[in-house]
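Student: Sequence:
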Amino acid sequence: IFEVRKKVKISISSLSKIAIENKCLPVDTYANFIAIDCGKDDIFAKKVVEGLAKRKIFVRMPFSYPQNRCIRVSAGSMDDMNIFRKEFSEVLKELR
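Plus 211 on top of the position in the sequence shown (first one is 1) and you've got this note's numbering.
Hints in this document: simulated from the structure, not taken from any laboratory.
Wrong hints could be hidden among the right ones.
Cut-off 25 Å, straight-line C-alpha distance, at most; resulting in silico cross-link-like pairs (DSS-like, lysine-lysine) [what the hints assert, rightly or not]:
| no. | residue 1 | residue 2 |
| --- | --- | --- |
| 1 | K228 | K304 |
| 2 | K304 | K257 |
| 3 | K304 | K267 |
| 4 | K217 | K297 |
| 5 | K251 | K304 |
| 6 | K218 | K297 |
| 7 | K265 | K297 |
| 8 | K217 | K257 |
| 9 | K267 | K297 |
| 10 | K251 | K267 |
| 11 | K257 | K267 |
| 12 | K304 | K234 |
| 13 | K234 | K257 |
| 14 | K234 | K220 |
| 15 | K220 | K297 |
| 16 | K228 | K217 |
| 17 | K218 | K228 |
| 18 | K265 | K304 |
| 19 | K267 | K218 |
| 20 | K297 | K258 |
| 21 | K234 | K251 |
| 22 | K228 | K257 |
| 23 | K228 | K265 |
| 24 | K304 | K258 |
| 25 | K257 | K218 |
| 26 | K220 | K267 |
| 27 | K251 | K297 |
Label-pair ranges, simulated between beta-carbon atoms [what the hints assert, rightly or not]:
| no. | residue 1 | residue 2 | range |
| --- | --- | --- | --- |
| 28 | I254 | K218 | 28 to 38 Å |
| 29 | R271 | S300 | 15 to 25 Å |
| 30 | E214 | K251 | 36 to 46 Å |
| 31 | V215 | N293 | 16 to 26 Å |
| 32 | K265 | N293 | 16 to 26 Å |
| 33 | F213 | R296 | 19 to 29 Å |
| 34 | D252 | V215 | 15 to 25 Å |
| 35 | S300 | Q278 | 15 to 25 Å |
No residue lacks a Cβ here, since even glycine has one placed at the ideal position from N, Cα and C.
Assemble the whole structure, with the sequences as input and the hints as a guide.
Tutor: Next comes the structure, spelled out in structure tokens:
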């Protein structure tokens, strides 16, 4: 279990860096997922979720204000993080 926790911590740290690289705000977490504040409103966050879904990246979005301006991304392998880094950046470039 300690090895799993270590991998999750590394993954969450990577997701935080990806958020910051893309001018978004990571929300501190102690779970196996992270909320990333996309910096706009719920409509923009929904477009991010839809853009990622088109690229076969599954993320969730909270439904209530003010968290609904965020997307929720689960921890994963480093390969998963590298794919997310590329696709998240591309989706944001298209939407901004």
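Student: Starting from the hint 15 to 25 Å, judge whether the C-beta atoms of D252 and V215 obey it.
Tutor: violated, 35 Å
Student: Could you grab the alpha-carbon distance between K304 and K257 and see if it respects the 25 Å cut-off?
Tutor: holds, 15 Å
Student: Taking 15 to 25 Å as the hint, is the beta-carbon distance of S300 and Q278 inside that range?
Tutor: holds, 23 Å
Student: Taken at face value, is the distance from the CA of K304 to the CA of K228 at most 25 Å?
Tutor: holds, 17 Å
Student: Mind checking the alpha carbons of K234 and K257 for me, to see if they're no more than 25 Å apart?
Tutor: Cα-Cα ~17 Å, so holds.
Student: Within 25 Å, alpha carbon to alpha carbon, are K228 and K265?
Tutor: holds, 23 Å
Student: Run the distance test for K217 versus K297: straight-line Cα separation, threshold 25 Å.
Tutor: holds, 24 Å
Student: Holds or violated: K267 and K297, Cα atoms, limit 25 Å.
Tutor: holds, 13 Å
Student: Between K267 and K218, does the CA-CA distance stay at or below 25 Å?
Tutor: At roughly 23 Å apart (the allowed maximum being 25 Å), K218 and K267 satisfy the hint.
Student: Sort out whether K304 lies within 25 Å of K265, counting only the CA atoms.
Tutor: Judged against 25 Å, a Cα distance of about 15 Å means the pair holds.
Student: Quickly compare the C-alpha distance for K251 and K297 to 25 Å and report which way the hint goes.
Tutor: Status holds; Cα separation ~21 Å.
Student: When you check the alpha-carbon spacing of K304 and K267, does it fall within 25 Å?
Tutor: Since the Cα atoms of K304 and K267 sit roughly 17 Å apart, the hinted pair holds (cutoff 25 Å).
In terms of the numbered hints stated before, the structure departs from hints 8, 25, 34, listed from lowest to highest.
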